[in-house]
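Chain order of the listed sequences is A and B. Residue 318 in numbering that gives the first Met the number 0 sits at position 319 of the first sequence, and the numbers go up by one each step. Residue 208 in numbering that gives the first Met the number 0 sits at position 209 of the second sequence, and the numbers go up by one each step.
The set of hints was computed from the structure by calculation and includes no laboratory data. Nothing here was measured: the structure is a model prediction, and the numbers come from that model. There may be inaccurate statements among the hints.
Claimed, not checked - Which chain A residues face chain B? A few, computed with CB under 8 Å, are given here: (1) A69; (2) G225; (3) E226; (4) D234; (5) E257; (6) D318.
What the hints assert, rightly or not - To spell it out: a stretch of chain A is covered by chain B in this simulated footprint if at least three of its residues, at any positions, have a beta carbon under 8 Å from a beta carbon of chain B; those stretches are: (7) 27 to 39; (8) 73 to 82; (9) 86 to 98.
The beta carbon of each residue, even a glycine, is placed where N, CA and C say it ideally should be.
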Amino acid sequence: MNAADALRAQINDLVRQYYDEKLSPRPFEPVKDLVHFAGRTFDADEVCHLVDASLDFFLTANRFAERFEANFSEYLGLSDALLVNSGSSANLLALTALTSPKLGDRRLKPGDEVVTVAAGFPTTVAPIVQNNLVPVFVDVNLGDYTAIPEQLREAIGPRTRAIMMAHTLGVPFDLDVATDLAKQHDLWLIEDNCDSLGSRYRGRLTGTFGHLGTCSFYPAHHITMGEGGAVVTNDEGLARIVRSFRDWGRDCYCAGGENNTCGTRFSQQFGTLPFGYDHKYVYSHIGYNLKVTDMQAAIGCAQLRKLDGFIARRRANFDRLMEMLRPYEDRLLLPKATPHSEPSWFAFVISVREDAGFSRNDLSRFLEAHRVETRSLFAGNLLRHPAYQAIPHRIVRDLANTDRVMDQTLFVGVYPGIDQVRLDYMGEVFARFMRGERV
Amino acid sequence: MAVQRLACQVERLIQHGGRVYTVVLRPERPAPVFRPGQFLHLAIDPYDATGFWPESRVFSIASSPSKRDRLSITYSAVGRFTTRMEAELVEGRQVWVKMPYGEFVVKSTTDVVLFAGGTGITAFTAFLDGLAPAASQPIWLAYGARARSLLIYRDLVERAARRLPSLDVSYFVEEPEASPQEREMIGCVSVAAMWPRIRRPDHAEYYISGPPAMLKSVSQDLRAKSVAAETIHIDAWE
Chain A
0 MNAADALRAQ INDLVRQYYD EKLSPRPFEP VKDLVHFAGR TFDADEVCHL
50 VDASLDFFLT ANRFAERFEA NFSEYLGLSD ALLVNSGSSA NLLALTALTS
100 PKLGDRRLKP GDEVVTVAAG FPTTVAPIVQ NNLVPVFVDV NLGDYTAIPE
150 QLREAIGPRT RAIMMAHTLG VPFDLDVATD LAKQHDLWLI EDNCDSLGSR
200 YRGRLTGTFG HLGTCSFYPA HHITMGEGGA VVTNDEGLAR IVRSFRDWGR
250 DCYCAGGENN TCGTRFSQQF GTLPFGYDHK YVYSHIGYNL KVTDMQAAIG
300 CAQLRKLDGF IARRRANFDR LMEMLRPYED RLLLPKATPH SEPSWFAFVI
350 SVREDAGFSR NDLSRFLEAH RVETRSLFAG NLLRHPAYQA IPHRIVRDLA
400 NTDRVMDQTL FVGVYPGIDQ VRLDYMGEVF ARFMRGERV
Chain B
0 MAVQRLACQV ERLIQHGGRV YTVVLRPERP APVFRPGQFL HLAIDPYDAT
50 GFWPESRVFS IASSPSKRDR LSITYSAVGR FTTRMEAELV EGRQVWVKMP
100 YGEFVVKSTT DVVLFAGGTG ITAFTAFLDG LAPAASQPIW LAYGARARSL
150 LIYRDLVERA ARRLPSLDVS YFVEEPEASP QEREMIGCVS VAAMWPRIRR
200 PDHAEYYISG PPAMLKSVSQ DLRAKSVAAE TIHIDAWE
């Protein structure tokens, strides 16, 4: 072993010691500690990977990004996984890729409609608006919070060209209907899988049904790299377009710091450029820079190995919460999976029934006062937010349930950092509220 | 397809004569999924993740995508880098590979005409090797080399021809003193010689892989036959 390798090994050992001293989980102290709705779950492996990538000091995407993309696409059984700097960026790239002139007549053009829902995270819808397309909103089912399948069918009009929706907090939307509509009407299908990594529909992983899928690796998600996300696809042509939009819009696919990977850097004709203009600076799209660093990818590599374990713990936590809260079903609408699905739960979603005798905010306030963190179902009804009130859009029937979600729904965590002690504590706090305690 | 960088061991070196070599590589882990016709970059100097990818050259992946525990390339020692390869590659040596790249992938849904010169045949070997016996796609292959002994993939081509009734093969040997064998012509790979054999020239896609002079002459001759530019695919590297 040379001196540099020996030092790296020594640093690795020290990082493990540091983790044990400083970062390893402490015993839960009820009342003092917050039961988070989500959070990073990690051990010394992630910290060692991060430091290892830092010692490479390559900074931009390198060996860990390469390894993550290979392992992640293999996990999903797809040809391509493209790392980006967030799940929101993944959504932006996935939809924007479909506007590429390289798709000919199939490209999305301004004014084309994209079917989606308003009860979710804004950056599922934002790319539709940002690309001058028109979102068509369908209402959601209460309980699973995914698009009502019959309304999906009703949403299709002469200008409808795509469906882009999230699998809501781990619950797959009706992929039978969505894929059937996509085939029947020649629509693009984008699965926003940011909150549902590991969920299955008819036994197959979500994110792998559509032309494109997206993932998020923000700390609240199933695996994390801090900031990070991915666009996944089984279509190499689409992958190349996504890569181009991600990497400044350039035509060349060389990795950062590399030249002439294609072997034809100075011998191609593009547009009205002179023949042989440097391919590295030929732009086939009006793109962005949404790449990750190798440090982020390094954390992701360690996390990916743990994904199946994380999913199992989320499911076990969900089951335990369900067991504890089932006695209150008369007042709480508890979460359910859609038919044929096996969710990889992001959270435990609860809607307060209209005749419960208390409001969603009463429950939220009580839980928060007792250090159990809650969240609304993101935007509730996105169309009621200042930024979205004036956007061109179409609504199928009405968004009555979406408004109910806005008024009556909250969620608590099931993430792997919630252990048995915390779960029991959550159950106890819910029980006290249900017995009539208030803040 | 995700590009990966892999350390590989040179497992076998085959000298074909005329400074033409085949290198069989054993990657440290199964090579990434690739398609017939794609290429790899090979570096002789070690790659270290703290720095940049070392100098490398591109080579068509001659081996089948179905056998990802081995990779084969064939090269002719003609330039500075390949001369270094000739001098430095020995069995057991470590080299680095990054792959897969390229879009020189033969369509499987149309009539295809393949023009291969010398080691350029490696752009087609994985395609030919992977075709199922039931494949009904009409394929014409023109395969040429400086000498008969340098038709180094002739066995593979013959096996494919026996398996595939829809594969029509013509060989071209440049040695003027050679007496032609079955399906063999003396001279360079030639559009004129192939043209009468191609059943529906207007319905075919044309693929050319070989030395620069051949790429130029074959593509010019195809254009002269009014073949549409978008149906001519050239495996050209700088």
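> For which of the previously enumerated hints does the structure constitute a violation, in increasing order of number?
Replying inline: 2, 3, 4, 6, 7 and 9
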